[in-house]
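Given next are the chains, with one letter for each unit.
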Amino acid sequence: MSSEVRFTDFKSDKQPTWCPGCGDFGTMNGMMKALAETGNSPDDTFVVAGIGCSGKIGTFMHSYALHGVHGRALPVGTGVKLANPDLEVMVAGGDGDGYSIGAGHFVHAVRRNVDMTYVVMDNRIYGLTKGQASPTSREDFETSTTPEGPKQPPVNPLALALSAGGSFIAQSFSTDAQRHTEIVKQAIEHDGFGFVNVFSPCVTFNDVDTYDYFRDSIVDLEDEDHDPTDRDAAKDKILDADKEYQGILYQNEESVPYSELHGLDSNMADIPDGAPEGAMDLVREFY
Amino acid sequence: MPDDLNWAIGGEAGDGIDSTGKIFAQALSRAGRHVFTSKDFASRIRGGYTAYKIRSSTDRVQSVVDRLDILVALTERTIDENMDELHEGSVIIYDGERTEMQDVEVPEGMIGLDVPLQGLAEEAGGAIMQNVVALGAACEVTNFPIENLDSALEKKFGSKGESLVENNKQAARKGQEYVAEEYDHEFDYDLDTTDNDYVLLNGDEAIGMGAIAAGCRFYAGYPITPATDVMEYLTGRIERFGGEVVQAEDELSAINMALGAARAGARSMTATSGPGIDLMTETFGLVAQSETPLVICDVMRSGPSTGMPTKQEQGDLNMTLYGGHGEIPRFVVAPTNIAECFHKTVEAFNFAEKYQTPVFLVSDLAMAVTEQTFEPEEFDMDEVEIDRGKVVDEDEVEAWTDEKGRFQPHFPTADGISPRAFPGTDGAAHMSTGLEHNSLGRRTEDTEVRVEQVDKRNRKVETAREEEDWEVREFGNPDADNLVISWGSNEGAMREALGFLEDDGIDVRFLSVPYIFPRPDLSDDIEAADEVIVVECNETGQFANLLERDALTRLKRVNKYNGVRFKADELADDIKERLEAEEVRA
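Top line first, the protein sequences correspond to chains A and B.
Its first residue numbered 1, the first sequence is counted upward by one per residue in the working numbering.
Its first residue numbered 1, the second sequence is counted upward by one per residue in the working numbering.
Extracted from the complex, chain B is given alone in its bound form:
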């Protein structure tokens, strides 16, 4: 009786795929089951194949796999699109009366459940509830208590009135009863429920929540997939804490607004994706040169140019590391899972203010559109610490003034971090500029001052290297000869891949690295291993290149850039193959 479930609903965009999937994911989560979701979607509003997939287990799940047990197919194409993942015994729920499904043939070996979704929905009060009928049918197939679905329906429709909730509950029951009566079949599923109390959220939401927790009060952004959820999350919430979200006219405006708010003393952020980061690039230098604390979030998607806006990639690393003319110190932090999106966002704000630098918070589409269950304690607000760095008040200003009584916001301190006075502080009025400047913030072309200020700004990075804990998350066998390193959202798939590799007798030590710059020194780890593979969703191996430079050695790589995130079982195969390969890719 399998307890693991790989479920999906697919159809055309506009079929309500997302909200239906989310309802089922919530029902599973409310039943104390772990959930990991993923989405296949196209860059269009209506039409085009789209799917919402759920992997669920009472154990923790943190990646997608190449396996689909139950598929709610609203269109024939849905079956074709998922053929690779369907297997013998997979259950396909469909409505044979639906136009798109009239010629459907359930592949041999699979169980087709033809359920009049629309008809039953109409009986319950409206055709629009046809997807909920399918959810009821799925409950029957999986022996999953339908009361959990009720609770998710209440959450979804509660604000729209009691009768709507009741109708939906009825619709679900009609689906359940139809399958029970019409298909006298013993299904192999028995989904356990537990008393665990999970929360279900995606990476963008975790970033937004982290921002509010960290005291972010100002957000300016421009809508772009897949970063928009950050803005949507903050809108309506940040106001409760005295903050504001501004939808700017473009990304240039967004980052400059965020810079202005940061300059005024607010914790401030903007979030965008690749093309938006391109537009913001000019201002990176201004942020760094004026030593303004700012969190710039890049939720990566497939590039270059407009690329594949709804597909996964980790291709912007070089952009966040090197984007902008001239040379500027900046931090690049890349959360490795959804909970980390929360924690690293809090940390990003602390870095930004402690070191008065731009901090790039780099996430990706795979995390942004994925929902995952967590214990609420993993987002413990009591543990959030705020470090605003060297902010001076009016009593401290004098200590930082020159012989003429002028405040020196860029004083070249030993640790490279200068005093910072919020506007409105008496006696500290000063100029900030993107021009090279002296300690007063005034323009200079003096060669010595130039060198002094460049060194001062870069010294902040050295200070951070010494002061902060550049932790690495370690999994697998610490003594294994094979070392796999990844960054960003690959952690989940890789952790599960360890199990598959172990089954094949392959022992792996896995390091998941959340810091790109400054980053932990992995040279010794690389040196100690026989084989080192760097896993990332891009073609050129941007992170591998960095590590190679650090360790002065050539590393093997597993790169995926077809627009789809790593799947655990597939990743295990790739690693196995790479370990067996003799030649390192030139």
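For reference, chain A alone in the conformation it holds in the complex:
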């Protein structure tokens, strides 16, 4: 809206209740900065979240927001955006919310390509229920419910998104504030479904996928001469299980968002005081 908006305008007066040191602080700050820097204001932004630590984000931010039920944030975001294309819609989720209970919605939201941004705070563990394996937990990650590890491969969300026809697939690291903000900004500016998986470490329950681990292992795609418009190159990177990448893995520059394909450009909240003009024609069709 206006350049006067600062990222702190997106902060609510409620202090976050995440554990000190939680990766979600950085993830949220980057989201707020990206929203402000892309010219949005709290009054024209809608943030949707599900359940879990990630689900609390709407409380700590100041905007229109809905905190819904577990795993269903993407359908809510879809409804909000299609009903009012003027709103900037950002959906936040966790790895459990998005890739377990909401996995079906994730795949379909990707292929529907509604113009919104989906930020997943991926800490590879269930935090709020105190430390069980999540869909992105490592195969041998010992938790209270998987004492010998889940013994099944983790979900690869980037691969899911690519195979479902994702038009913007990116990954960032919450503590790398500048890069994370930049990546979310590009996801917002993308015409279509902007998906960002964020490494957002859980300092309380995950002693494997830690800040140190990511700091040591992360590879920035900008240092790799990666061409994000090259789908084959994206595929190779996404299926490379040995590396943790940061950056935009894939972006389809031809992406046409759902609303444009379906000719939706008006705010559906605006309706007449009575039946719409021409409604009697609906009756006449039944002659």
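Honestly, I wouldn't trust all of these hints.
Below, computed lysine to aspartate or glutamate pairings styled on EDC-like, alpha-carbon distance capped at 16 angstroms [as the list claims (entries may be wrong)]: (1) B:K156 / B:E282; (2) B:K22 / B:E154; (3) B:K155 / A:E285; (4) B:K390 / A:E285; (5) B:K404 / A:D9; (6) B:K156 / A:D9; (7) B:K22 / A:D227; (8) B:K576 / B:D507; (9) B:K390 / A:D270; (10) B:K160 / B:D150; (11) B:K404 / A:E285.
Footprint (simulated), chain B over chain A, 3 or more residues, beta carbon under 8 angstroms [stated by the list, open to error]: (12) 195 to 209; (13) 234 to 245.
What the hints contain is simulated information worked out from the structure, not anything from laboratory work.
Heads up, the beta-carbon is just placed ideally off N, CA and C, and yes, glycines get one too.
Could you slot chain B onto chain A? The hints should help.
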């Protein structure tokens, strides 16, 4: 010379039964005759017995009866399936050359018309038109002007080209001529036509039309029998008014999408049937707790589980009343006939927005698959009123902010209804949540605030009880000692049953109730009557249980749960029997 007609076409699914029946129903309707249709169908795409039945009269018809005058039988089984309804003098039109009909024996006393449907259709341009040949034969039997059939054929095939229409008209004439020439028989029928101009539509279509009229712009759903017609109706139409239909990946997604659109300020709806309602249940609480206006339509079918997907039942009432954990205020509205499907849908949207609650619009298979004629004026669009409730714009926001300038979307007002600001309204950014929250929409576990918010939400129901007109539709003799109460689609059969009961000297007052919650207080009516019978298509008497609780008395019941709707004559017999019974069912 009977003017009433009970006609049916039956065969295997895939035989074009539905479209043929619909063409004949439209022809009758275009001739100014009233029509009421019903369908027997199985849950499969091809094969299996299926039938389309039409009852038609110049007087209004609103139910099915146990009587079949003319049957177009494409398979032998069709005759067997309908034996109970066939009677002496019934006419059976069949093609003896058809494989499935080669061994057919027309029951004694009935008139069999063996018409080479396929052969005549081929002469007219293609075997596919064999059913239309049968329609032509039916026109001859009933002395019904075939020009009315022409007009229905034009509507059906007009978009596919002139020659197809002409071929079909020819096919119909071949059937007509064959019967006239080969069967030198005076049939007892003489169907009158009138100048009346009727529309013919089913309950799902009426719901879809009501939704558009009410300003619904967003619909998300997942295909399920018998609710899919709502989605199919809206698809391609709602777009003309700036709306959108989304076929979601599942019902969980559908209701959450609809919730999102409603949250953004759109009038929004989802429709499903029993199993889909089960899946949506988790979100009922979120809709109510976040005070989001949403219309959730349940077109009931036989349950539980997958039950009988293509059969009638009114078994989900408890689900819509009580579904979901915890306690939430919600409205349950159940249209009592097809025209009401339109009007109550409009009303459902107004309730949803005025009271910021989920509104369950409960219909059933009997209404969904039934087409009925109406005067177009019964769907008067000029009478549609839209009430969006307490929506505040940016100038009004300040009046609803706290001392720190924060908007209070859940402010505990005297009537329980809080201000509502659409996203995009300057100064009103706020959080909505399924968590218990304070007036700002923020999470709380404060015991006082919890009680305050629960009370506030429930107060909306009290306000509605006072403000709205919870009308009851009343029929029969207002002074009768016998009182019959029903809800939903039973109204039509019951209204006709009144006539049968009267013939037997039984006087009945009949109340048809379109509101389940909040609902009209019928305690005085129940108290004043000697005998009270509650009629519904379920086994446990879900509505009767509610009324018993209201009136603190035991009521007699007529319950049907074999998967078939009430028939007027059968219902009259059941009521008679129940009135005579001494013991009330435990």
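Verification of the hints:
1. B:K156 / B:E282: 42 angstroms, violated
2. B:K22 / B:E154: 13 angstroms, holds
3. B:K155 / A:E285: Holds: B:K155 and A:E285 sit about 10 angstroms apart, inside 16 angstroms.
4. B:K390 / A:E285: 35 angstroms, violated
5. B:K404 / A:D9: 15 angstroms, holds
6. B:K156 / A:D9: 59 angstroms, violated
7. B:K22 / A:D227: Between B:K22 and A:D227 the Cα gap is close to 58 angstroms, so the pair fails against 16 angstroms, i.e. violated.
8. B:K576 / B:D507: 10 angstroms, holds
9. B:K390 / A:D270: 15 angstroms, holds
10. B:K160 / B:D150: 15 angstroms, holds
11. B:K404 / A:E285: 54 angstroms, violated
12. 195 to 209: It is violated: at least three residues are needed, and the stretch 195 to 209 of chain A offers just 0 whose Cβ sits closer than 8 angstroms to chain B.
13. 234 to 245: violated (count 0)
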